[in-house]
Each structure stands twice: as C-alpha cells, then as structure tokens.
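Per the numbering used here, the sequence shown starts with residue 398, numbered consecutively.
Think of the hints as simulated: they come from the structure by calculation, not from any bench.
Hints are supplied without guarantee of correctness; some may be wrong.
Listed next, with one range per pair, are the computed distances between beta-carbon atoms [to be verified]:
hint, residue 1, residue 2, range
1, Leu499, Asn565, 20 to 30 Å
2, Glu432, Ile410, 14 to 24 Å
3, Arg496, Phe540, 39 to 49 Å
4, Thr429, Gly465, 40 to 50 Å
5, Pro430, Ile602, 13 to 23 Å
6, Leu420, Leu569, 30 to 40 Å
7, Ala620, Tyr424, 37 to 47 Å
8, Gly507, Val423, 20 to 30 Å
9, Thr406, Gly561, 48 to 58 Å
10, Ile461, Gly507, 25 to 35 Å
11, Leu420, Tyr543, 34 to 44 Å
12, Val399, Gly524, 22 to 32 Å
13, Ala413, Asn565, 35 to 45 Å
Just so it is clear, CB atoms sit at the ideal spot from N, CA and C, and this is done for glycine as well.
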Amino acid sequence: MVLDATIQTVLWIGTALMTIGLLVFVYWTYTTPEENRNFYYATSLVPLIAASAYFAMATGHGSINVGGHIFFFARYVDWVFTTPLLLLDLALLALPSTRGKLGLIGVLLGADVYMIVTGLIAGFLTGLDKYVWFATSTIAFLFILYVLVRLLRETRSRGGAVRGLFRNLATLTIALWLCYPVVWLLGTEGTGILTIQVEVILYAILDVLAKVGFGFLLLSNRAALSEPNSASAHVVVGD
C-alpha cells in the first residue's frame with residue numbers, strides 16, 4: 398500500500414528507534430552476568446518484534462484498506478507478542494517466586510492476548526459492531542490493570558530497589574496503555590476525529606515509550622535485577 402511522506406517518515410523513525418533500543422539491550426545482555434540475563438533476553442525481544450512491525454508498515458506491507466482508511470494490521474501483530482513480554486517482565490519482577498503464581502501469570506498474559514485480538518477485530522469492522530468489540534477489549538484491559546495493582550502488593554516482600562522499580566514501571570505502563578484506547582477512539586479506526594497522520598505519530602510515540610522506554614528503565618537498574626531473591630533466579634531453579 399502506498400503511504401504519504403509524513404506517515405512513511407514517522408514509521409521509518411519508529412523502525413530506527415526500535416532498532417537502536419534492540420542494539421543497546423543486546424549489548425547490555427552480553428555485558429551482564431549470565432545468571433542475571435533472564436530479563437534481558439525477554440526485554441530484547443520487544444524492540445526486535447516492534448522494529449520488524451514498523452519496517453513492515455513503513456514499506457507498505459503491514460497495512461490494508463478497510464472501509465476507505467488505512468488499517469495497520471502489523472501494529473496488532475506487534476502488540477500481541479510484545480505486550481505479553483512486557484507484562485511477563487512486570488510479573489517476574491514483582492514475584493519473589495513463581496511457585497503457586499503460574500495461574501495468575503497465565504491469566505494475566507491470556508487476558509492481554511484477548512485484549513489485543515478483540516481490538517484487532519474491532520479495527521477490521523466498519524459498523525457499530527466495532528464498538529462492542531472495543532468495549533470487550535477494554536474490559537480485558539481493566540482486568541489487566543487490576544492484576545498489576547495486585548502485583549504491586551506482592552512487592553511488599555521485596556527489597557526497596559525492586560519495589561521502587563516495579564512501581565515506576567507499572568506507573569509508566571498504566572499511564573501509556575491508558576492512552577492507546579483514547580487514540581483508537583479518536584483515530585481512523587474509531588470516530589475519525591484524528592487524521593491518519595496524527596494517529597500514526599501518536600501511536601509511534603506511545604510505542605517507543607512503552608517498549609524502548611520501558612526496557613531502558615528496567616534493564617538499566619541492575620541493582621534491582623541482581624537481587625538474590627530476584628524472580629528471574631527462581632524461574633530458572635525450578636518454580
């Protein structure tokens with residue numbers, strides 16, 4: 398699909414920023430002791446997937462025409478893989494051990510995938526039915542917020558560094574993720590108040606902050622990630 402210059406420029410910038418984030422995270426991974434690399438592996442996948450999605454959109458292979466407007470389906474392919482990885486990072490950071498908590502983590506990730514898939518269906522539709530699917534997606538999102546608040550309580554048993562890092566990451570995630578449904582409603586997939594150019598710019602800003610910004614905040618805090626009771630260690634040892 399042929400895109401105008403503004404959209405292409407924004408998508409190429411998004412591709413570049415995600416790629417830079419990926420390179421930095423990979424470098425940090427191999428300069429970190431091997432026993433502390435679990436968070437680095439998972440978090441490095443996020444900008445890799447996002448860079449691929451942005452490249453697909455920038456080259457015109459990640460979008461189709463739906464009801465007379467451009468629908469970037471590659472954006473949802475990105476989200477269905479990257480958002481569970483971000484939530485997994487948060488869950489493993491909050492929990493001193495995954496023993497007895499795998500069900501909670503599974504439900505959290507399942508609700509996230511459901512949220513993205515129902516959002517994808519809403520984006521494909523042009524009639525009023527899309528708002529039913531959007532509302533369904535929003536309900537799943539509210540459940541995710543509830544679980545994040547519950548995980549925040551779990552950090553009471555963790556060290557101050559872990560507790561503070563989780564609070565910062567959860568606050569960043571909640572604040573940014575709350576903006577996505579607003580852009581959806583105002584954008585071309587919703588009411589059409591925003592132009593496609595503004596929509597693409599806003600999504601790109603949110604994506605970079607929610608993925609690369611999240612990763613920088615998490616992976617640069619090596620003190621918290623290397624705590625003896627870190628969840629990453631428990632995942633490896635047999636929980």
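- Mind listing which of the numbered hints don't hold for this structure, in increasing order? 2, 3, 5, 6, 7, 9, 13
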